[in-house]
Amino acid sequence: MTSPILELRNVSHSFSLRDGLFGHKALRAVDDVSLALARGDVLGVVGESGCGKTTLLRLMLGLLEPSAGTVQLDGEPIAHQRRRQLASRIQLVFQDPYSSLNPRRTVGSIVGQPLRVHRVGDAARRRARVRELLDLVGLPARVHDNYPGQLSGGQRQRVAIARALALKPRIVVCDEPTSALDVSVQAQILNLLIDLRSELDLTYIFVSHNLAVVEHIATRIAVMYLGRIVESGPARELFAAPKHPYTRVLLNSVLTPAPRAGIPDIRLRGAPPNPMDVPAGCRFHPRCPEAIAICASQDPEPRQTGAICAACHLAG
Amino acid sequence: MAASPLLEVEGLFVEIDTADGVLHAVRGIDFSLQAGETLCIVGESGCGKSLTALALMGLLPRRAQRRARTLCFDGIDLLAQSPAAMRQLRGNRLSMIFQEPMTSLNPAFTVGDQIVDVMRQHRKVTRAEAHDHALHLFERVGISAAAARLRQYPHELSGGLRQRMLIAMALMCGPRLLLADEPTTALDVTIQAELLRLLADLQKEFGMALILITHDLGLVSRIADRIAVMYAGEIVETAGVEMLFKDPMHPYTQGLLECLPVPGATPPMGRLPSIPGIVPSLIGGRQGCGFSERCRYAMPECAQHAIALRDAGRQHDYRCVRPPEQNRTRAA
Numbered sequence: 001m002t003s004p005i006l007e008l009r010n011v012s013h014s015f016s017l018r019d020g021l022f023g024h025k026a027l028r029a030v031d032d033v034s035l036a037l038a039r040g041d042v043l044g045v046v047g048e049s050g051c052g053k054t055t056l057l058r059l060m061l062g063l064l065e066p067s068a069g070t071v072q073l074d075g076e077p078i079a080h081q082r083r084r085q086l087a088s089r090i091q092l093v094f095q096d097p098y099s100s101l102n103p104r105r106t107v108g109s110i111v112g113q114p115l116r117v118h119r120v121g122d123a124a125r126r127r128a129r130v131r132e133l134l135d136l137v138g139l140p141a142r143v144h145d146n147y148p149g150q151l152s153g154g155q156r157q158r159v160a161i162a163r164a165l166a167l168k169p170r171i172v173v174c175d176e177p178t179s180a181l182d183v184s185v186q187a188q189i190l191n192l193l194i195d196l197r198s199e200l201d202l203t204y205i206f207v208s209h210n211l212a213v214v215e216h217i218a219t220r221i222a223v224m225y226l227g228r229i230v231e232s233g234p235a236r237e238l239f240a241a242p243k244h245p246y247t248r249v250l251l252n253s254v255l256t257p258a259p260r261a262g263i264p265d266i267r268l269r270g271a272p273p274n275p276m277d278v279p280a281g282c283r284f285h286p287r288c289p290e291a292i293a294i295c296a297s298q299d300p301e302p303r304q305t306g307a308i309c310a311a312c313h314l315a316g
Numbered sequence: 001m002a003a004s005p006l007l008e009v010e011g012l013f014v015e016i017d018t019a020d021g022v023l024h025a026v027r028g029i030d031f032s033l034q035a036g037e038t039l040c041i042v043g044e045s046g047c048g049k050s051l052t053a054l055a056l057m058g059l060l061p062r063r064a065q066r067r068a069r070t071l072c073f074d075g076i077d078l079l080a081q082s083p084a085a086m087r088q089l090r091g092n093r094l095s096m097i098f099q100e101p102m103t104s105l106n107p108a109f110t111v112g113d114q115i116v117d118v119m120r121q122h123r124k125v126t127r128a129e130a131h132d133h134a135l136h137l138f139e140r141v142g143i144s145a146a147a148a149r150l151r152q153y154p155h156e157l158s159g160g161l162r163q164r165m166l167i168a169m170a171l172m173c174g175p176r177l178l179l180a181d182e183p184t185t186a187l188d189v190t191i192q193a194e195l196l197r198l199l200a201d202l203q204k205e206f207g208m209a210l211i212l213i214t215h216d217l218g219l220v221s222r223i224a225d226r227i228a229v230m231y232a233g234e235i236v237e238t239a240g241v242e243m244l245f246k247d248p249m250h251p252y253t254q255g256l257l258e259c260l261p262v263p264g265a266t267p268p269m270g271r272l273p274s275i276p277g278i279v280p281s282l283i284g285g286r287q288g289c290g291f292s293e294r295c296r297y298a299m300p301e302c303a304q305h306a307i308a309l310r311d312a313g314r315q316h317d318y319r320c321v322r323p324p325e326q327n328r329t330r331a332a
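In order, the protein sequences belong to chains A and B. Taking the working numbering as reference, the numbering of the first sequence is continuous, increasing by one, and the terminal residue is 316. Taking the working numbering as reference, the numbering of the second sequence is continuous, increasing by one, and the terminal residue is 332.
What the hints contain is simulated information worked out from the structure, not anything from laboratory work. For glycine and all other residues, C-beta sits at the position ideal for the given N, C-alpha and C. Wrong hints could be hidden among the right ones.
[Claimed, not checked] Taking beta-carbon pairs under 7 angstroms as the criterion, some of the chain B residues facing chain A (in silico):
| id | residue |
| --- | --- |
| 1 | Phe13 |
| 2 | Ala146 |
| 3 | Ala147 |
| 4 | Leu150 |
| 5 | Asp188 |
| 6 | Val189 |
| 7 | Thr190 |
| 8 | Arg197 |
| 9 | Leu219 |
| 10 | Leu256 |
| 11 | Pro261 |
| 12 | Arg271 |
| 13 | Ile278 |
The whole structure should be built from the sequences, with the hints applied where relevant.
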């Protein structure tokens, strides 16, 4: 394998929360996560709300400093990279294009903003680059002077993508990029992201709760549960034969069109976990439909079976 | 069709006054529902599906006007009811649950107080009796430590628990019809599956009819008896669930079904078909088919006059100028 473009080594991040009047309690939002991304990969990150997906993204973007471990971009710890340099390597597309664009700025100004901040070229050069970017994401040149309020949801998400691409980053983090959009528009944005990846040789980190979408676009998958990656591997293998019971539950709960098939019984026990109170042993065991005695006492080490790595006593 | 329907809607319009003119959000829709039946209304944002539900409940925003030829529920003419009479109906024989469970609860009262109130509003019961009934329903909808939960405030519950609580609240008086507007959209997939199973079970148990409003076609396929597809304020197609998925007739329905990536069937990274263009403005009048600007089959006449419903047989209707044989050729 060529050297990874993005690598996380034993990364943890804790938030300190107030507990009672004077006490503090640590919430480990990301707990000992390691992963490596090769150039051109599309990493799909899946998991329920509160599992640490957003914290993981913020660590990758250098917006949070890990409490332990290192994040390396292009073989260099991001802690050593300057903000400006980082911004030209890794960029972000947000979930909601209705709140991620400044309503008082024109499309041209929004897309040109990163170029101005980074003082790329002169004004004329920047204008040309903005036109190029709009064209790249499939927006007509006439929207240049429009305000976000005059655009549809899909067009706004295209503006957000153009802005993310302005500095020619190599990695784009997409945080639920289609979940605020209608189904017919979602397909357009997925197509655009897939085209841009091959055109610009991009690497994506793609977070979504929609597993059908993740399966469509991802080459690798990381399944998170309570701050840990419980299973990871190449998308095709993982979706075909998931090793971790939690991954099976997630896949089972996807409602694909199947008339009269009914709602699947996902056999999940108990309530969603409280990240402040992580269970002993395997953190999934109180809800796991397949838990055995050892699961309550011993935390399973990640185990490699073929291409897939799963942290489960029953995997393998 | 032996029994008269539980709900009958004919020629329902919802219009909203805006600064730019009148917005015709719902444009003369008709549908009916039998007791115990599940109807799913599907469509994208702005198609009028939520306003349809609010119009039935008599909960439209002040600037919105409702008119209809028939709006009849359980033998009651909803058009003729006073606001006080509607209040007697809502939460009683007619209940609704909303997408965002947080905004439909009062943050200043415990969930127990709120759920007990619903029943005391409609039934002559003591506080203790209502409380017992709430406890029973909380357990039925899968809320553990129900007695303690009743003493909590809405912000102390997770999103999934709040939605369970709202379902329990909606069931307090044993409604004949439950309207659910995107009840699981704000929730995780695992919780969505659990809640939908619960909703389907409860529906059988209570023998109530369900109108589920959603944009999620996968969900619809699993739970609906009949489906109404809405686009730009009109119902463009209605059919039984098997027919709609097997043999969609309206080009919009066909497009929607094709857009969905289906695990195992759609090639990863392959191009997904999409529907070009955007939803037309609903402000001002419109002639002809609202979908014509985006339709792959559009002809000049599509935009000229109102399109009549066509019967494709077996209670399958769609609103398109093209006959079934022609539209069937592209069916998925």
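Against the structure, the hints:
no.	hint	result
1	Phe13	violated (24 angstroms)
2	Ala146	violated (13 angstroms)
3	Ala147	violated (16 angstroms)
4	Leu150	violated (16 angstroms)
5	Asp188	holds (4 angstroms)
6	Val189	holds (4 angstroms)
7	Thr190	holds (5 angstroms)
8	Arg197	holds (4 angstroms)
9	Leu219	holds (5 angstroms)
10	Leu256	holds (6 angstroms)
11	Pro261	holds (4 angstroms)
12	Arg271	holds (6 angstroms)
13	Ile278	holds (5 angstroms)
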